[in-house]
Amino acid sequence: GAGVSQSPSNKVTEKGKDVELRCDPISGHTALYWYRQRLGQGLEFLIYFQGNSAPDKSGLPSDRFSAERTGESVSTLTIQRTQQEDSAVYLCASSLVVNQPQHFGDGTRLSIL
Amino acid sequence: QQQVKQSPQSLIVQKGGISIINCAYENTAFDYFPWYQQFPGKGPALLIAIRPDVSEKKEGRFTISFNKSAKQFSLHIMDSQPGDSATYFCAARGVNYGGSQGNLIFGKGTKLSVKP
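So the protein sequences, as listed, match chains L and R. Under this note's numbering, the first sequence has 77 at position 77, and the numbering climbs by one with no breaks. Take any residue in the second sequence, note its place counting from 1, add 1000, and you have its number in this note's numbering.
Just so you know, these hints were derived from the structure itself, not from any lab. Since the model is a prediction, treat every value here as computed from it, not as a measurement. Check each hint, because a few of them may be wrong.
Here are the simulated DSS-like cross-link-like pairs (lysine-lysine), alpha carbons at most 27 Å apart as the crow flies [as the list claims (entries may be wrong)]:
(1) R:1005 <-> L:57
(2) R:1068 <-> R:1015
(3) R:1111 <-> R:1071
(4) R:1108 <-> L:11
(5) R:1108 <-> R:1071
(6) R:1015 <-> R:1058
(7) R:1071 <-> R:1058
(8) R:1042 <-> L:15
(9) R:1111 <-> L:11
(10) R:1071 <-> R:1015
(11) R:1005 <-> R:1057
(12) R:1058 <-> R:1108
(13) R:1042 <-> L:11
(14) R:1005 <-> R:1111
(15) R:1071 <-> R:1005
(16) R:1042 <-> R:1015
(17) R:1108 <-> L:57
(18) R:1042 <-> R:1005
(19) L:57 <-> R:1042
(20) R:1068 <-> R:1057
(21) R:1015 <-> R:1111
Per label pair, the in silico range of CB-to-CB distance [as the list claims (entries may be wrong)]:
(22) R:1026 <-> L:62: 21 to 31 Å
(23) L:80 <-> R:1070: 25 to 35 Å
(24) L:27 <-> R:1083: 38 to 48 Å
(25) L:57 <-> R:1016: 41 to 51 Å
(26) R:1042 <-> L:85: 38 to 48 Å
(27) L:14 <-> R:1015: 39 to 49 Å
(28) R:1113 <-> L:7: 26 to 36 Å
(29) R:1016 <-> L:113: 38 to 48 Å
(30) R:1072 <-> L:63: 12 to 22 Å
(31) L:7 <-> R:1054: 34 to 44 Å
(32) L:57 <-> R:1078: 33 to 43 Å
(33) R:1018 <-> L:66: 42 to 52 Å
Reference excerpt, derived from the structure (chain R facing chain L, CB under 8 Å, subset only) [said to hold, decoys possible]:
(34) 1034
(35) 1040
(36) 1041
(37) 1042
(38) 1044
(39) 1049
(40) 1052
For every residue, glycine included, the Cβ atom is placed at its ideal position computed from N, Cα and C.
For reference, chain L alone in the conformation it holds in the complex (with noise of 0.2 Å):
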C-alpha cells in the first residue's frame, strides 16, 4: 500500500488480557516508530527499529510492552497482562531512515474494560 497499514482499527479487550498489534510500514522504510497517544495528549515515545540494528525501547513505560519486527518490514507489539491505564491509541510510523520524515498510520484504539 502506499501508506502505513496499522490493525486492527480498534481493539476491545478486557483487563488483564494480552493484545497484539500491527504495523506494516511503507515500502522501502527502513526505520520504524511506535507512539502511544492518550485521550486529548501529544504523543509518546514507545520504541523504535532502524535496520537491523538493536531497537530503542528507551520509551517503554514497563516490562509489559515489547515489540518485534521482522527484517525491515511488519512489526507488531504486544501489551502483556493489560491494564486500564494502557486504553490509547497506538501509533505507527516509518520513515525511509532515520532522520527523515515520519509517516503516520492511523493507529488502533485501544479501549480496556
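Based on the hints, put chain R in the right spot on chain L.
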C-alpha cells in the same frame, strides 16, 4: 526528560484570519522541528518542518518561524480556512554523539477551529 511545550491548548479563528501556535523547548540538542496536522480518527500528517540553521520556512499558507536563542518556534497559518480545523502538534528530534535520534518529542497539541 526533554520537553516541548505548546500553546495555546485551543484556538478559534475567523475564516481568513491568521492562526498562530507557539512551541518552546528546553534542550538545545534538537536538530529538526516538524509540525503535524491531525484530523479526528486519523494519524498525524507532516505539514512543514524546519532545521535550526534557518529562521523561517514558508510553504503556501503555512510558515514556521524559528528563534534559536529563545528556543522557540511557531506555526503561522495565513488566510485560515474551515478545512484547516484540526489538531496541530509541534515536535522536536534530539541528537546525540551518534547523530540524530530516531524518536520525536511532541507538544500536547493545539485544537484549531476556523469559523466560517
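Outcome of the hint check:
1. R:1005 <-> L:57: Holds. Residue 1005 of chain R to residue 57 of chain L sits at ~24 Å (cutoff 27 Å).
2. R:1068 <-> R:1015: violated (31 Å)
3. R:1111 <-> R:1071: holds (23 Å)
4. R:1108 <-> L:11: Satisfied, since the Cα-Cα distance of roughly 24 Å is no more than 27 Å.
5. R:1108 <-> R:1071: holds (17 Å)
6. R:1015 <-> R:1058: Cα-Cα ~20 Å, so holds.
7. R:1071 <-> R:1058: holds (19 Å)
8. R:1042 <-> L:15: holds (26 Å)
9. R:1111 <-> L:11: Judged against 27 Å, a Cα distance of about 26 Å means the pair holds.
10. R:1071 <-> R:1015: Violated: residue 1071 of chain R and residue 1015 of chain R sit about 30 Å apart, past 27 Å.
11. R:1005 <-> R:1057: Roughly 21 Å between the alpha carbons, so the hint for residue 1005 of chain R and residue 1057 of chain R holds.
12. R:1058 <-> R:1108: Since the Cα atoms of residue 1058 of chain R and residue 1108 of chain R sit roughly 23 Å apart, the hinted pair holds (cutoff 27 Å).
13. R:1042 <-> L:11: holds (16 Å)
14. R:1005 <-> R:1111: holds (15 Å)
15. R:1071 <-> R:1005: holds (11 Å)
16. R:1042 <-> R:1015: At roughly 23 Å apart (the allowed maximum being 27 Å), residue 1015 of chain R and residue 1042 of chain R satisfy the hint.
17. R:1108 <-> L:57: holds (22 Å)
18. R:1042 <-> R:1005: holds (23 Å)
19. L:57 <-> R:1042: holds (25 Å)
20. R:1068 <-> R:1057: holds (14 Å)
21. R:1015 <-> R:1111: holds (15 Å)
22. R:1026 <-> L:62: 21 to 31 Å: holds (25 Å)
23. L:80 <-> R:1070: 25 to 35 Å: Cβ of residue 80 of chain L to Cβ of residue 1070 of chain R: about 44 Å, so the range 25 to 35 Å is violated.
24. L:27 <-> R:1083: 38 to 48 Å: violated (30 Å)
25. L:57 <-> R:1016: 41 to 51 Å: Given range 41 to 51 Å: holds, Cβ gap about 47 Å.
26. R:1042 <-> L:85: 38 to 48 Å: Check failed, 24 Å falls outside 38 to 48 Å.
27. L:14 <-> R:1015: 39 to 49 Å: holds (46 Å)
28. R:1113 <-> L:7: 26 to 36 Å: With Cβ atoms ~32 Å apart, the hint holds.
29. R:1016 <-> L:113: 38 to 48 Å: Holds: the Cβ-Cβ distance is about 46 Å, inside 38 to 48 Å.
30. R:1072 <-> L:63: 12 to 22 Å: violated (37 Å)
31. L:7 <-> R:1054: 34 to 44 Å: holds (38 Å)
32. L:57 <-> R:1078: 33 to 43 Å: With a Cβ separation near 41 Å, residue 57 of chain L and residue 1078 of chain R satisfy 33 to 43 Å, so the hint holds.
33. R:1018 <-> L:66: 42 to 52 Å: Once the Cβ atoms are compared, 45 Å apart, the range 42 to 52 Å for residue 66 of chain L and residue 1018 of chain R holds.
34. 1034: This interface hint holds because 7 Å falls under the 8 Å limit.
35. 1040: violated (11 Å)
36. 1041: Since chain L brings a Cβ to about 7 Å from residue 1041 of chain R, closer than 8 Å, the hint holds.
37. 1042: OK, holds: residue 1042 of chain R within 8 Å of chain L, min 5 Å.
38. 1044: holds (5 Å)
39. 1049: holds (7 Å)
40. 1052: The hint is violated - residue 1052 of chain R has no Cβ within 8 Å of chain L, the shortest such distance being about 14 Å.
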